[in-house]
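J.: Sequence order for the protein chains is C and G.
First residue of the first sequence? That's 41 in the numbering used here, and the numbers climb one at a time after it.
First residue of the second sequence? That's 593 in the numbering used here, and the numbers climb one at a time after it.
Accuracy of the hints is not assured; some may be wrong.
To be verified - Going by beta-carbon spacing under 10 Å, a handful of chain C positions derived as facing chain G:
#, residue
1, C45
2, N57
3, S92
4, K103
5, T105
6, L130
Claimed, not checked - Residues from chain C that keep clear of chain G, each with C-beta distances beyond 10 Å, as calculated:
#, residue
7, K120
8, K129
9, K132
To be verified - Over 10 Å on every C-beta distance to chain C, these chain G residues come out as not near it, computed from the model:
#, residue
10, K617
11, F633
12, L637
13, Y715
14, H723
Don't read these hints as lab results, they were simulated from the structure.
Owing to the predicted nature of the structure, the values given are computational and were not obtained by experimental measurement.
Don't be surprised by glycine CBs; every beta carbon is placed ideally from N, CA and C.
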Amino acid sequence: MEAKCSDQNGVTVIQVNGEININTSPELKKLFEKQVVKKVLVNLEKVTYVDSSGLATLVDMLKKTKSQGGTLCLAGMPDKIKSLFEITKLDKLFSIFMTQDEALAKIR
Amino acid sequence: MRESGKKKEFRIPSVFSEVQKTSAKVLRFLKPLDLDETACFDMRLCLEEALINAMKYGHKMQKSLKVRLVVEYDTQKVSFLIEDQGQGFKPENIKDCTKEDNLLNSRGRGVYLIRQLMDKVSYNAEGSALHMVKFLKTNRRSHGS
């Protein structure tokens, strides 16, 4: 997994590539925790696999952002990953957008 | 690791780095079934979730304790037996992760995903062995149709 942060007009965009699994999710969490952010967008367009630890990591990131009065949304997730959010009902918890542009327009 | 025909057995040390290595070996073993992407994804995910639970909760990450995995297939189905040497657990005690009050919980999604993505799921009486089956009828690629 590779993850990098960038600032897009006040929104922290975390671009994730590859797999968010039991071995890689701590890396994502660590990267997220380095940031002090209010508005976060996690771009999952290039994510190929997510397991329950990956889902739990995204939930933890959401909880932390909300506890600091911020917002976190997800964008660009491939259909298979989206189906995991639907099965686990996490689609009710997160704001999910088709594309990064759509998410940025909403979150700004 | 023993192999005989369409059945293969693995003994996996309880370290997370072994999880993906094992699922990759299993998918290679299942290659003759020509599974589609969704079936591969679902089986890989359920297998990895089961292995992680066995290592984490069954073996408390004691590397020397090995998880026993038996994978078997025919033209109709693929079955997995994942057995640990721990004290077992009661699957019915796991909270429903999809209930509104539990959505923010960190635990319980692995077992839930297994139940949703596999066609048959059962545990032994102690809760230390999981048997899960995926039927192939709708998952196999059609050739020339």
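J.: Now tell me, hint by hint, if it's right for this structure.
T.: Against the structure, the hints come out as follows:
1. Annotation: C:C45 was flagged as interfacial toward chain G, and the flag is violated, the nearest CB pair being 23 Å apart, outside 10 Å.
2. Checking C:N57 against chain G by beta carbon gives a least distance of about 16 Å; that is not within 10 Å, so the hint is violated.
3. Annotation: C:S92 was flagged as interfacial toward chain G, and the flag holds, the nearest CB pair being 4 Å apart, inside 10 Å.
4. This hint holds: C:K103 has a C-beta 6 Å from the nearest C-beta of chain G, less than the 10 Å allowed.
5. Proximity of C:T105 to chain G is violated relative to the hint, the smallest CB-CB distance being about 12 Å (cut-off 10 Å).
6. A hinted interface residue such as C:L130 counts as satisfied when its beta carbon comes closer than 10 Å to some beta carbon of chain G; here the least separation is about 7 Å, so the hint holds.
7. Listed as outside the interface, C:K120 is inconsistent with that label: its C-beta sits roughly 6 Å from the nearest C-beta of chain G, within the 10 Å cut-off.
8. With 10 Å as the threshold on Cβ separation, the claim that C:K129 sits away from chain G is violated: the shortest Cβ distance comes to roughly 4 Å.
9. A beta-carbon of chain G comes within 10 Å of the beta-carbon of C:K132; the shortest separation is about 7 Å.
10. No beta-carbon of chain C comes within 10 Å of the beta-carbon of G:K617; the shortest separation is about 16 Å.
11. With a closest Cβ-Cβ approach of about 6 Å to chain C, G:F633 is found to fall inside the 10 Å limit, against its non-interface label.
12. Taking the minimum C-beta to C-beta distance to chain C, about 6 Å, the non-interface status of G:L637 is violated against the 10 Å cut.
13. Annotated as non-interface, G:Y715 keeps its C-beta farther than 10 Å from every C-beta of chain C; the closest such distance is 18 Å.
14. No beta-carbon of chain C comes within 10 Å of the beta-carbon of G:H723; the shortest separation is about 20 Å.
Going through the hint list in order, the structure does not satisfy hints 1, 2, 5, 7, 8, 9, 11, 12.
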